[in-house]
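Residue numbers (the working numbering), protein chains in the order written: chain A, 86 to 364; chain B, 86 to 364; chain C, 86 to 364; chain D, 86 to 364.
To be clear, the hints were calculated from the coordinates, so they are not data collected in a lab. Heads up, a few of these hints could be off.
When chains are identical, the list treats them as one kind, so a pair holds in a single copy or across two.
[As the list claims (entries may be wrong)] Under the rule of at most 25 Å between Cα atoms (straight-line distance), these lysine-lysine pairs were calculated in the BS3-like manner:
hint, residue 1, residue 2
1, K148, K121
2, K121, K355
3, K355, K148
4, K121, K175
5, K229, K121
6, K229, K148
7, K175, K355
There are 4 protein chains.
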Amino acid sequence: MNSISSSSLDYRRVSRHFQRENTIIETRGIAIGGHKIVVMAGPCSVESFCQINELALFIKSTKACILRGGAFKPRSSPYSFRGLGEEGLKMLAHAREMTGLPIVTEVMSPDQVSLVADYSDILQIGTRNMQNFPLLCAVGRTQKPILLKRGMGNTIKELLMAAEYIVDAGNNQVMLCERGIRTFETMTRHTFDINAIPVLKDLTHLPIIADPSHAIGNAQYVPSIARAAIAAGADGIIVEVHMNPSLALSDGEQSLAPEAFCILMHDIEKIAHATGRSL
Amino acid sequence: MNSISSSSLDYRRVSRHFQRENTIIETRGIAIGGHKIVVMAGPCSVESFCQINELALFIKSTKACILRGGAFKPRSSPYSFRGLGEEGLKMLAHAREMTGLPIVTEVMSPDQVSLVADYSDILQIGTRNMQNFPLLCAVGRTQKPILLKRGMGNTIKELLMAAEYIVDAGNNQVMLCERGIRTFETMTRHTFDINAIPVLKDLTHLPIIADPSHAIGNAQYVPSIARAAIAAGADGIIVEVHMNPSLALSDGEQSLAPEAFCILMHDIEKIAHATGRSL
Amino acid sequence: MNSISSSSLDYRRVSRHFQRENTIIETRGIAIGGHKIVVMAGPCSVESFCQINELALFIKSTKACILRGGAFKPRSSPYSFRGLGEEGLKMLAHAREMTGLPIVTEVMSPDQVSLVADYSDILQIGTRNMQNFPLLCAVGRTQKPILLKRGMGNTIKELLMAAEYIVDAGNNQVMLCERGIRTFETMTRHTFDINAIPVLKDLTHLPIIADPSHAIGNAQYVPSIARAAIAAGADGIIVEVHMNPSLALSDGEQSLAPEAFCILMHDIEKIAHATGRSL
Amino acid sequence: MNSISSSSLDYRRVSRHFQRENTIIETRGIAIGGHKIVVMAGPCSVESFCQINELALFIKSTKACILRGGAFKPRSSPYSFRGLGEEGLKMLAHAREMTGLPIVTEVMSPDQVSLVADYSDILQIGTRNMQNFPLLCAVGRTQKPILLKRGMGNTIKELLMAAEYIVDAGNNQVMLCERGIRTFETMTRHTFDINAIPVLKDLTHLPIIADPSHAIGNAQYVPSIARAAIAAGADGIIVEVHMNPSLALSDGEQSLAPEAFCILMHDIEKIAHATGRSL
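Between the sequences and the hints, there should be enough to build the whole structure, so can you do that?
Now the structure itself:
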């Protein structure tokens, strides 16, 4: 009686049956989904010109190759900090100019798509919008790479079908991102679904990215989940980093400080090599 | 380490602490949240002029007082029937003219809000859009009553905070709808969270509506859940009804045929009386 | 890839296909599963001779007809109160002599079965032991009625198969008890699976009992869930009651005080009548 | 309102606050919880003298160092194969004599403990018995190492408190095993909770073992989860292996064939080295 069934309404173009070889997505000379593991890093929110510049320079000094940062922030409460909006996008663009790092940032509604696409190299669809179908169609009409996060209450199959929406609208540059699902366990923020990584690598040709920061919600445990994701076969990770996590305007408790991030980079490089890949 | 905490970022204006008396929402002479239990009924999707008219006349012949029907349909697969769009809205409006029944239909994106508001008496935010914050803000800027469905992966607290977004944007005419959550149980489509009804009635002054059809996903079991919801204190139910469920373009297996709907209406009237209310 | 499949390993004798008519279980003149709704009430734990006697006399003064109380208590922590053991059983037996109320109490291991069966009219298998198969076989070799609680992490199908173990061992006097499942919702202790009631009434001929106290974990909300369970078709409820909940050695926050229990009895009697049954 | 709270009823002796250094458990010269990663492998069920001997010889030829195999099998259906019982234990003991591999097998009830302890080097408490407190106390009174599996519906904290029961009864030789939890995802048998590994390594000094086979339920995906578990910090894994999975009497679809197991051993050795450990 479950809602999932094998039928003509399934995903098609995102399937390995449709395309055997891995899709490799390129942006500013970075290839995502190939031999190299990709690390995207940055703050939860862009907070100021200085904050994002300082952090971008730090990120640039590591082997991380893409800068993340939120300008439009979906927040459960209307009274939380909702991001700097277009000002934040401009700060991200400036940080890119300075460092050459491509940027990834979230877009929350169809009418923001062209604005965000003007600034950002990769458009992120957040967990709460995985089944926001008008938004999926809107980003599907751009030619920007899309980072599609799994909904915290959505199945692997629904994630594939959400990607199918984007591809069906004309854009096959889609990365899928596992970022933790809702379960009964309360000691961690969400439960990172490590199973999703080999299952997705088997079912689809699209690159798979892991977000350990949101999944476990505690900076101390993020490196273990990052290593596990690479060991399980992920093509990259996206990690929250902040020069001073205790002062972050959002998600401070799950953001890595620079030193911890350097250790993480070192550790995942070894795991990457152990699985026949590189950083 | 859970994301829920009592803080200044909580819901405020939807709280019983902010307003002790129940909010009563009125539309075309129907009061929602008062002494009378409200029944909203109709097909999952508007399929044709004849279909919706015939069904509206049938609904009108019962004590159900609001007509539901989908014109813009969020579907997990891009290859499923996605609704008739504005044509569907026109058919709903015609059915309203014929019967006098107010209508409720879903709106899926901010740029559809004014179109849907032109036709519909109540705007529905579907389960996949409960945390589509730009959409919540957009419907919050209308003065139409809103039926806000709980996300299938969202907590009771997040439902309250989503309502807070709408109220914060200027519209306090919000009904909350429990429609089942995702759990490990696979025999039913979702798990109807009956606990949510007394908890919400305690925490908020807003009317609470139950959707037994999507929660259990099987027409045979819908009446039991409808009775239970009324017994638990819900202010109304929204039920899928189809003149011929086996021919429905969507959700046929959970739609009630006319005869079964009449029995349900009879049964919930008795439950309503047993709880000191009426239909 | 789910573990549930329709096969020769399914439940058989507990199925409606095997026996169409409802099983009615009798104990000391009380029929469970017939026209009358059965109410079992009492404290979480038997705490003292006085406590259980006073409560039994109170229960006797209402239309509740079975006395519940724990003597052997499964507790998550080894440092919690684990019950009075055989002394508690003797106190329950004395309370039965005084009031005529049959008693139901939990048995936790195969080697306790004969001891508990010497004192108790109904043997309860708790939520943590639903798949304790040696225990199911042991109670299946008695001729005492069994109250089998659903595991908080178990499916409806597994509940039916656990009952099949008992019936297969020779005892067909089994009641099934829905008591809430684990979900991501944290505002309530568990999520009462109201869907399970009509599904179980459809699939099996065994009586279905609801435990609203453990499901929601908050005395204030227990009556709503009790009413809902009866409205959905349950054959009875089991409720925690304490003369002074704030002093209870376990589960005080979900135990009803006498006055609240009287209101609940009054309210569910009206719901029972509305569904064509009586108390 | 959740049941978990920090209180005097928490786990104590299993906590890192009680003992800072890792507990190392020894059995027949194998150290569990030390520098070396431990691999336990074998069939779901002992099926015959030949089957277990052939498999034991194969396991011995790899770097796996402990033989697993079920003699008493908890099965959801009473009509499934429930294991060979004491005959199975004798076969396991013979395989140990032949190969020198210590054995681990499940014990299901308190009255089986002394029998199983006579044959087995490590006593396994299965997922369905994690809160079978009389059984925990019974194995706590032996001096055999215990492999305690997390209940599929139980929290990390409850797992720690179940271990506390065993330690409190006198046996501090306890390994904790993450084997997947119940979630809404249906594409995999359970969801392996990778988060549990760093959280448990932080909170307790006990060794942590991962069971990828039961967690994901599909042999094809088992190696990815095994690698991930080691990368996240697990002290060992327990894996189902069968000379001919398609002929297995139970769990064939998740059992590795010999060749696949050899590849897995090779791959996890590289991951072990990458994390500074060895096999």
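**Study point:** Index of numbered hints that the structure contradicts, given in increasing order
**Key:** 4 and 7
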